[in-house]
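Mind docking chain B on chain A? Use the hints.
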Amino acid sequence: MNKWKKKQQAPTKTFKRPTLAGDGFGGRARFFLSRALSNIRQNVFVNVVTIGTITLALLIVSLFLLVFVNLESAAENWSERVQVTVYFDKELSPQEQGSLRTKITAVPGVSRITYVPREVAFTRFKSRLRGQETLLEGVRPEVLPTSFEIALKRSYRETASVEGFVSAIKKIPGIAEVQYGEEWVRRFNSFLNFMRLIGVLLGGFMVVAVVFIISNTIKLTIYARRDELEVMALVGGTRFFIKAPFLLEGLIQGLAGSTISVALLFAIYEGFLHSASSFVVFNPASAGMLFLPVEYIAGLILAGALLGFLGSLTSLKRFIPV
Amino acid sequence: MIQLHNVSLAYQQGASALSNINLSIGKGDFVFLTGPSGAGKTSLLRLLYRALDPSRGQVLIDGQNITNIPAFQIPYLRRSIGVVFQDFKLLPNRTVFENVAITLEVLGWGRGDISKKTMHILKQMGIESKYDHMTQRLSGGEQQRVALARALVNDPKILLADEPTGNLDDANKNQILSIFKDANCRGTTVVVATHDRRLIEQSHMRLVTLIKGEIVEQMEKETTGSDQNL
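So the sequences go chain by chain: A and B. According to my numbering, the first sequence is numbered sequentially starting from 658. According to my numbering, the second sequence is numbered sequentially starting from 11.
The following block holds chain A by itself, in its conformation from the complex:
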């Protein structure tokens, strides 16, 4: 309260009649914000506990999200291997290649199509038998078939879609033999669906637990300050006047908790997960684990702020004695 002493010494402005704390919405908003901040200063322990709880709860969710995002990204890369191969007994002329390529590309789902001539097929075969090249003595490239390798768009990599695509291209005249590793595709897609189901169940459970923990923590902190609510109601505070600083406080707590949790997640990622990428090989296509995309980070921070706000709102409903 040294401010008061300073105010007394300074030449004080004279007021004809009581003036309102601030003009219009801006003035009132500034008042509520300053009240919320001074509430935080006056209840440091309670606020530290609340922010700490929000931070830990959201850190658990964001760690889970990080793992899930990396698994999804790995699955995305693994699914690149879902490809359909069309074999031909003879070398195709450029005209035949062009005509077939156009017909195949016309079937929905094709993302990339590559012609593999006999020479390329033979080179690949040799590289697979590295160290046992003697087995290929006397073997000529002409014994191998030529082929089109067709990579599929992401939405066409499900088992049923692949089967649909294969039956569609089998109808193209000139195409006889088509292979796509049915068993691998089926197993891969089952694994992917199982992983997503576990992710949704676990994630859903975590979100429910986090909402429960955060809302109850806020409820307890507001319960501890119910005298304040009672006094405000007693001296004629409207519901909005009583609620506004508490709601802002909840918003600030949520925002602080979620921002700290994202910062901690980044520290954990930089300090451990990123450098541990050599043995945590989730994703064969990237150097190591990925960090959360920007929209996920923004979502987490906003979710924290929203949780703080809604937690306060529901608790206040119960405790304002007006």
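Derived by calculation from the structure, the hints in this document are not laboratory data. All of these numbers come straight from a predicted model, not from anything done at the bench. Possibly wrong hints are sitting among the right ones.
Example chain B residues on the side facing chain A (calculated, C-beta under 7 angstroms, incomplete) [stated by the list, open to error]:
| hint | residue |
| --- | --- |
| 1 | PRO85 |
| 2 | ARG88 |
| 3 | ARG89 |
| 4 | VAL93 |
| 5 | LYS99 |
| 6 | LEU101 |
| 7 | ASN103 |
| 8 | ILE112 |
| 9 | THR113 |
| 10 | VAL116 |
Every residue gets a Cβ at the ideal spot worked out from N, C-alpha and C, and that includes glycine.
Structure of chain B alone, referenced to chain A:
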């Protein structure tokens, strides 16, 4: 100023807290409500600032039936009523100044005006030197004066006090009584619920006695005999 017509109050369990109360308190009156514990003194006071709704009857403040006003108007009613309690109901983590200023903040006053008015009332209460103390560091008498300052800082029309001297020694009781009288002299209607006989006898003010939720006796100011037996 305050009128109660056939007011009854029943708890949810069916027990009656007040029954058929008829009471009229004029503008600028000073009234003591007395009676044993459980007589209904606190319930009657709570009806006056709409902390409770009567089961039956009308409660009029300044001619307006407050039992009918919608919930969003209750805060505006309370701004013209100051309330003090035996347990003071001060905010422990705020200073004396902040505890009193809250009444003016609610009204939307500016900081400069709040400072001036708050320091003025604290001076009247004799505690201006403790404006920056946390309330839990004050004595019981000082805490009650802070509570009174909070109740009186916006010059309410009515001051309600529920056992205001219950936790205080004689010297502090006298101080509190003189604050009530000063407020009354400035035109505030004062209603004090107490079972402190010494306080009542010392003040010679109008007395309303409640027993088991009924008014059993009313004695006018400066009179010695029973004025009305109900």
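query = For this structure, which hints from the list above don't hold up?
reply = none
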